[in-house]
Amino acid sequence: MEARVTVAGMGLVMEVQDYFDGEADRLAKAWLAEYTPQIKSLKDERKEAYRQIVEMSTEPQDVDLVRPANKFEMTRVREGEKEADLPVWKHHLLCDESGNYPALLNHWETKVFEIETKREGFAFWYRNPQYTGQSSLGIAYVEAEQYKIVRPDFLFFAEQDGKMVVDLVDPHSLHLADALPKLEGLALYAEHHSNAYRRIESVAEVKGKLRALDLKRLDVQDAIANAENAETLFSSGLADDYQ
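Positions 1 to 243 (full-length UniProt numbering) are the ones given, in order, by the sequence shown.
Just so you know, these hints were derived from the structure itself, not from any lab. A few of these clues could be false.
FRET-style restraints, in silico, Cβ to Cβ [to be verified]: (1) Q146 to N226: 19 to 29 Å; (2) N226 to E48: 37 to 47 Å; (3) D214 to A144: 24 to 34 Å; (4) G237 to R76: 16 to 26 Å; (5) K209 to L104: 17 to 27 Å; (6) Q160 to S98: 46 to 56 Å; (7) N226 to L42: 37 to 47 Å; (8) S194 to K82: 45 to 55 Å; (9) G133 to K40: 14 to 24 Å; (10) E145 to H192: 17 to 27 Å; (11) D85 to H193: 17 to 27 Å; (12) E23 to T110: 48 to 58 Å; (13) K29 to V77: 35 to 45 Å; (14) E48 to E97: 22 to 32 Å.
Just so you know, even glycine gets a beta-carbon here, dropped at the ideal spot from N, CA and C.
Could you put together the complete structure from these sequences and hints?
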């Protein structure tokens, strides 16, 4: 009983709690770094247990994406009192027996899809799920001193020089208050993971025209880090017409 009281009392001392939290985080990172090769060789179901441990960290951590084996998607949508079939798209990473993938894309997303699927070497695409999971790419950003997650819309895969490469393309809404913090998070991600992608681009509409920022460029990353709003960046010479 005395030991329990002592432990409970220690939990009320913030300095002690911070110390133990820090030590636990350090030890967990050390173990994960040491055993990552063995963890990667496990089946996806077992990997999920370690992914959940990593996600307990108070700071964002890199977690490997798992190739999705299957996925449930809506095929119909209600419009007023009627139901209608969702549009279907070809060449998605996951599809039905006819090669179709049902998805409701907005105007920007449709334009991005049309442009990217016509690029030389295009093979297939993946619409990144907008929910937590081991097959969803989540990128951390900071807003109001709190970590949040942005999930880019698209990954496009292409064959280049006999290898498969991937482009991350994210249509970006400028009217939302978190437009700049999300862009900062994407730019920081691009800075640390540029070798994993052929292209990392954020696309936004400015005055009726789609503009793209190449987030792998160092000058673009620096400009985003010092910007006051996102629209100015897409209107500047740092951005190109998206085509």
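Outcome of the hint check:
no.: 1; hint: Q146 to N226: 19 to 29 Å; in the structure: holds (21 Å)
no.: 2; hint: N226 to E48: 37 to 47 Å; in the structure: holds (39 Å)
no.: 3; hint: D214 to A144: 24 to 34 Å; in the structure: holds (28 Å)
no.: 4; hint: G237 to R76: 16 to 26 Å; in the structure: violated (45 Å)
no.: 5; hint: K209 to L104: 17 to 27 Å; in the structure: holds (24 Å)
no.: 6; hint: Q160 to S98: 46 to 56 Å; in the structure: violated (28 Å)
no.: 7; hint: N226 to L42: 37 to 47 Å; in the structure: holds (43 Å)
no.: 8; hint: S194 to K82: 45 to 55 Å; in the structure: holds (47 Å)
no.: 9; hint: G133 to K40: 14 to 24 Å; in the structure: holds (18 Å)
no.: 10; hint: E145 to H192: 17 to 27 Å; in the structure: holds (21 Å)
no.: 11; hint: D85 to H193: 17 to 27 Å; in the structure: violated (37 Å)
no.: 12; hint: E23 to T110: 48 to 58 Å; in the structure: holds (50 Å)
no.: 13; hint: K29 to V77: 35 to 45 Å; in the structure: holds (44 Å)
no.: 14; hint: E48 to E97: 22 to 32 Å; in the structure: holds (28 Å)
Of the numbered hints stated above, those contradicted by the structure are hints 4, 6 and 11, listed in ascending order.
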